[in-house]
Amino acid sequence: MRNETGISGVPVGYRVVVITLDAHSAGPCDRAAARLLADFPDLSVDVHAAAEWGENPQALVEAKAAIATGDIILVNLLFLEEHVRAILPSLEARRAGCDAMAGVISDAAIVKLTRMGALDMLAPASGTMALLKRLRGSSKPSSQNGESKMRMLRRLPKILKYIPGKAQDLRAWFLVMQYWLGGSDTNIESMLRFLISRYCRIEAWQNCAAAPPEDYPEVGLYHPDLPSKMTTDITALPVPQKPVATVGLLLMRSYVLSDDTAHYDAVIRSFEANGLKVIPAFAGGLDARPAIEGYFQGTAGMQIDAMVSLTGFSLVGGPAYNNSQAAIALLKNLDVPYIAAHALEFQTLGQWANAEQG
330 MRNETGISGV PVGYRVVVIT LDAHSAGPCD RAAARLLADF PDLSVDVHAA AEWGENPQAL
390 VEAKAAIATG DIILVNLLFL EEHVRAILPS LEARRAGCDA MAGVISDAAI VKLTRMGALD
450 MLAPASGTMA LLKRLRGSSK PSSQNGESKM RMLRRLPKIL KYIPGKAQDL RAWFLVMQYW
510 LGGSDTNIES MLRFLISRYC RIEAWQNCAA APPEDYPEVG LYHPDLPSKM TTDITALPVP
570 QKPVATVGLL LMRSYVLSDD TAHYDAVIRS FEANGLKVIP AFAGGLDARP AIEGYFQGTA
630 GMQIDAMVSL TGFSLVGGPA YNNSQAAIAL LKNLDVPYIA AHALEFQTLG QWANAEQG
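The numbering used here runs 329 ahead of the 1-based position in the sequence shown.
The set of hints was computed from the structure by calculation and includes no laboratory data. Errors might be hidden in some of the hints.
The calculated DSSO-like cross-link candidates involving lysine-lysine, where the alpha carbons are at most 27 Å apart (straight line), are [unchecked claim]:
no. : residue 1 : residue 2
1   : Lys495    : Lys441
2   : Lys571    : Lys558
3   : Lys606    : Lys571
It should be emphasised that the depicted structure is a prediction, and the values quoted were computed from it without experimental measurement.
Given these sequences and hints, build the entire structure.
Here it is as structure tokens:
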């Protein structure tokens, strides 16, 4: 059953549940929830990280319990079979009982559970789903880079805005994806406000204004001393006096946007304390080539003496795959020392310390 409402029509403990790969989005969600309480009393936003389920079975139990009582459920970045298999039955059981369920940037089995207003991705082929397939294009591997795909993602809601009827819920699904990929505090808050105002069953909460997604660079630079923390101008980065060498540092864009950067800051400070110039670069998705080609290989030649990756993922790849041949070609072209210093993407420090494989 759905959560009951009080006499005033305000829900008793209205719950938004986010199921995602790791916990880096918990900070923006917590901060957004605190700000949203003024407009949506008794709102809770719970984030559950699939990366914790293997080492902590209780975390999976808690995620399933949250889904069972969730009013709006957002699932994203679930591609690993073990994660999908663990949570899919709970999502299927709750799908018809919640106000909305959105599966984005995930395994097809998760995405198909999307039910947002008139958009039902489990329904037989409809005009809306045919439109989605046409807009999405070929399912064959594409040479499009992340930036061109993001341009298309930003364009689609603008196109769909002028198509009446069911297409508006398809537009909402694309907007949720756009909000999430631009995962700053501002975008996460706007996404939650958008979902609640459009799909919450409480009349008093409907039709609240939500700001459109803010755009951020798909490829850029980060430094804790920059006024806005991000830039696309390499000359804006601080440079130590008489640097002894230059290190190219690869970061995850999602961590930069969510301000989950304490580990990045510590590495940058440590390198700089040892007289090194640091170029901390990020690229959208899991393909580091745009960042490397844009900032580590300048028109004047090689800009770095060594490269360190803090992403915890393959150098060239995507969700659940690794393009090793492209990575080899890239590293041969760079011809500098490369260290993949995995930032414990799927483990806590305690789990890493106790793991047999180190």
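Against the structure, the hints come out as follows:
1. Lys495 / Lys441: Holds, at roughly 16 Å.
2. Lys571 / Lys558: 24 Å, holds
3. Lys606 / Lys571: Judged against 27 Å, a Cα distance of about 9 Å means the pair holds.
Going down the numbered hints, you'll see the structure goes against none, and every one checks out.
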